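K.L.:
Each chain is listed here by its residues.
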Amino acid sequence: MLTYGLVIAAYIILRILLAGGHVSSALQGQLVPITAYIVMAVSLNLTVGVLGELSLGHAGFMSVGAFTGVITSASLTSSVPEPALRLLFALIAGGIAAGLFGFLIGIPVLRLHGDYLAIVTLAFGEIIKNVVNTLYVGIGQSGLKIGMTSGNALNLGEGGKVILNGPMGAIGVQKISSFTAGFILILVTLFIILNLIDSRAGRAIMAVRDNKIAAESVGISVWRYRMTAFVTSAALAGAAGALYALNYSTVIARKFDFNTSILVLVFVVLGGMGNIRGSIIAATVLTILPEVLRAFNNVRMLIYAVILILVMLATNNVRLRAWFQRIRPGNGKTPVISGGGDGHE
Amino acid sequence: MSDKTRMVPLPSKAIVPERDALERPILEVSRLGINFGGLVAVEDFNIAVGRTEICGLIGPNGAGKTTIFNLLTKVYQPTSGAILLDGQDTASMNTVQVNQAGIARTFQNIRLFPSLSVEDNVKIGLHNQVRYPLITGVFRLPGFFRAERQAKDQAMELLSIFDMTDLASKKAGSLPYGAQRRLEFLRALATNPKLLLLDEPAAGMNPSETEELMASIKKIRDRFQIAIMLIEHDMRLVMGICEGIAVINYGKIIAKGTASEIQDNPEVIEAYLGKKKE
Ligand SMILES: Nc1ncnc2c1ncn2[C@@H]1O[C@H](COP(=O)(O)OP(=O)(O)O)[C@@H](O)[C@H]1O
Ligand SMILES: [Mg+2]
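Chains A and B are the protein sequences, given in the same order.
Following our numbering from start to finish, the first sequence increments by one per residue and tops out at 345.
Following our numbering from start to finish, the second sequence increments by one per residue and tops out at 623.
If we strip away everything but chain B, and leave its shape as in the complex, we get (with noise of 0.2 Å):
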């Protein structure tokens, strides 16, 4: 009789691209979980992203993906489990803090401010890079143009990641669609993260703009140096771009890995393609 209680593993099986593992992943989460009511929707969620990993998150509709993003963002506060940010506990943080901390992110129905020019919605989300004081804005004070020149500028480098400089002036709402999508995008850059959360970026693209989407993730996230975690139900946009892919049903985390390692995964395809009959 020792009064040593067993050594278990943990329930963390972390994987992040070689590149990245000697440093502290930049979002480590444990035992995540929430629920509405009675309805569990995520349950023990565990996760870590490398610092410049792009990292997909698949799952049948109604799986808990977008939920997962709201937990991070702290739209939602969880129930259970914790979620370290560039090792901080984001525990007591609301959706602002959360995001001056370093995670940004877009929304599967978008959400942009449609009554303002694009520019302007790009600059909103500068709001924390480019500050001045209320006093400055309104009588002007020195500085004020300056910052606004400044604001400006970033907005259309921006702007031209994705060539939409000449959109610049037209108001946010009257977009087409993909526009739109790429435009929350830029926004969500524009507020300087270090983890993007991407809820479904090519819902409603065309293959080609899908593709060229693809080749932008790649493109920003070479640029910035962040790490990308996305929602997506294109399987080649997630099998090509994304390093770790983590499949959730019924808010549980079924499969981690790599994208061969989850194309042979039984429990995975059982997911998507309902349970082979004996």
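Here chain A stands alone, though its shape is the one from the complex (with noise of 0.2 Å):
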């Protein structure tokens, strides 16, 4: 309750600040990619604080999330002319494809031991950064056209329109996102995951965590509460991406790259494992210091890491160490001989 009103109380104090034009522009331009870490951020918490298993290609599925959310859009122009609704579409859009990754990478992955899912979301992120890279998307009078060459060879024909154009990324996009869709979208994503993990299949998915062995020991399947958690996790960072890519005119697949998978992940750690609203201040508080601190030009390195100190000090250092000690191989995980055997060392 208290992470809801926090959020609204900050929207309409920004809002009443926008139409006073107290806000800066640079401020202004970054309203929109706030939300979005916002919602990358609540979302992998999902994964790394309350599935506990770590995850390096967040920004992958914001990318599948984006230019899926970007083809959505630019294919319903004409059909659904009103923005905010093809908005919606293109959000859906971006998290079911964005999901449906998830969960083909969660397949295989999800059923092995150990930090797996890590080296493997790792590769998805660069993966998905190439290939969406060769990628040609057109639409033209026969519908959606696919290539791998270049764009004119996707034969759009008289009114055709190339949506993605390899390297140089989605051009001419339609900047439909606001800020008041970005709000929506945290509060949908608040509301998704506060209740599961308030709900038998939360309690399911904190259970594989701290326990896997005695989670399947009273008949939790833990492949299953993995992925639900992977994929919901997929499917938030999918709608995320495509609010981003939409609120600009070009978007390139490199801006979804292992640093932005990194800094999402560095929002969680600093908010705090599992600590829903601490990933909100993170995200909110990394993502405007480096504009706020452009003022401060020389120190200004030097400012943010000792602001990054100081909020890694302010939230919880104990999850924090309990979690080093999970990522360092081989610690606090039964050996795989033994597969979780007990009562000899």
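Derived from the structure by calculation, the hints contain no laboratory data.
Heads up, some of the hints might be wrong.
Simulated crosslink set (DSBU-like; lysine-lysine; CA at most 35 Å straight-line) [to be verified]:
#1 A/Lys212 x B/Lys563
#2 B/Lys563 x B/Lys539
#3 B/Lys516 x B/Lys563
#4 B/Lys349 x A/Lys212
#5 A/Lys212 x B/Lys497
#6 B/Lys516 x B/Lys564
#7 B/Lys564 x B/Lys515
#8 A/Lys212 x B/Lys539
#9 A/Lys212 x B/Lys515
#10 B/Lys515 x B/Lys539
#11 B/Lys563 x B/Lys515
#12 A/Lys212 x B/Lys564
#13 B/Lys497 x B/Lys515
#14 B/Lys563 x B/Lys497
#15 A/Lys212 x B/Lys597
#16 B/Lys597 x B/Lys349
#17 A/Lys255 x A/Lys145
#18 B/Lys516 x B/Lys539
#19 A/Lys175 x A/Lys255
#20 B/Lys563 x B/Lys597
On a predicted model such as this, the values are computed, not experimentally measured, just so you know.
Please dock the two separately framed chains into a single complex, following the hints provided.
P.N.:
This is how it looks when you write it as structure tokens:
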């Protein structure tokens, strides 16, 4: 409840400030990206904090959602002229596409023990980036066309329009995202994730995180609940990607690379593992901060570092330590051979 | 010369409490075995457990007792033998399915969900007892609040067995050792098992706690009418409440019988006290 209140209050305050013209244009430009990053951080927290699995490719799902969203929006330009409705369709399509990719990755990986998910999601993020770089998608009289060579090779004909132009990324995107849409997406994300956590499935997910063998011993399918958390997380990242992409006239795949995945992971770790409100605050502060600090140009990175440390101390460093223990290989995990045996050291 | 082969007695010399004798045993295990690489951890393990029997599994450290629990619950896949639960072969089942079929357990080195509350730990045990779809939970559809209320009531009722209701909101990991063992016991019981496996339930408990635990185990058996199989080193507990006792050494059953039969068995005495000098 406090979390919803915080988000709603922040939105109302910003709306008032915007109406009064008190918000700098630089910050105005950041509003939609901030909402997208908040959704990214909160959704990644579901995988990393609540499920306890490390994902290093969250930006990959954002990318899938971004380009699916752009293509959806471009294809619907004439059939759905209302931008808000078109945005809704684009977010849903982006979410579904990213969720599907999450599911496909999850089928083999979530059955394995160990940190395979980290490795595979890392690879996934890089692969998606390279695949998008080679894709040419356009829309013409005969509908959507996809190619791998060039925009001209798509033969779109009279009135055709290239949507995705290989390494140039998505071009000529109609900017239909808005701060209000981002705000609503945050609320929807919170609604889904907080309700999920506080339900039978959420308890099962946290049981799997706390002790996989014990969870199985009480009849909980580890794979199923890992999948539930991971796909939900991926789908929400996809929606965030669509929101983000439809805020710019051009979008390149490089925007959603490993650095972005790590940035979002930093939000989650600093905000606190499993701490949803912390993710929101960390994503907001750390997205705005570089802009604000531009004024203190020469000491900028120093202040940034100090603030990072303060945030880290302020949030739960106990959990942080536990997390570092978790990601160190072989630590706190059952050795492979015993496959979770007990009673022998 | 006849082509008929000789008749031999089966390895099973199963005994169950008289009150259970008319019904099929809840657990029938024959020739169960597993080896890890070259090490034969359990070999030719046979047992039958009556439907309301309290059965003990004793033996020196490293004898293979915990491994037997891991085999029964499919944490390990047996390399040989068959396990029948209520007449149903569990060969094709995994850990989750075995629990759903009716075997629940505790662990020698406690495995709670330490970061979750005591109440949530028991509710997680109720996972397959109080069910509703994922969507109902996420969108708070009708039925959600009723099901959650039911889960809470059942969890509290289970916690009241060990007078733990006032600990409900405490983190499981913060409980004292004895309370953690009791919570794990209740979590297993929450899955509504036909057979409950307890791995050293009295470990780390003082004599008066152990005394209480013995009474509770009997009380739970009477109330839920389930079979309980327990591994325990505390002989007062084993001799006090176990009806059938199996003694394991080097992965094999060396004796099976009632408390008094076991106590008089020379092989058992040898396993526990070492071979007597000539
Ligand atoms: N996963 C495993 N890998 C190798 N050896 C194992 C494994 N699990 C158990 N063992 C071995 O099996 C034997 C029996 O162990 P265990 O069942 O834990 O004994 P206990 O009777 O004390 O419970 C021990 O020698 C142990 O080292
Ligand atoms: Mg043991």
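K.L.:
Looking at the structure, which of the earlier hints fail to hold?
P.N.:
4
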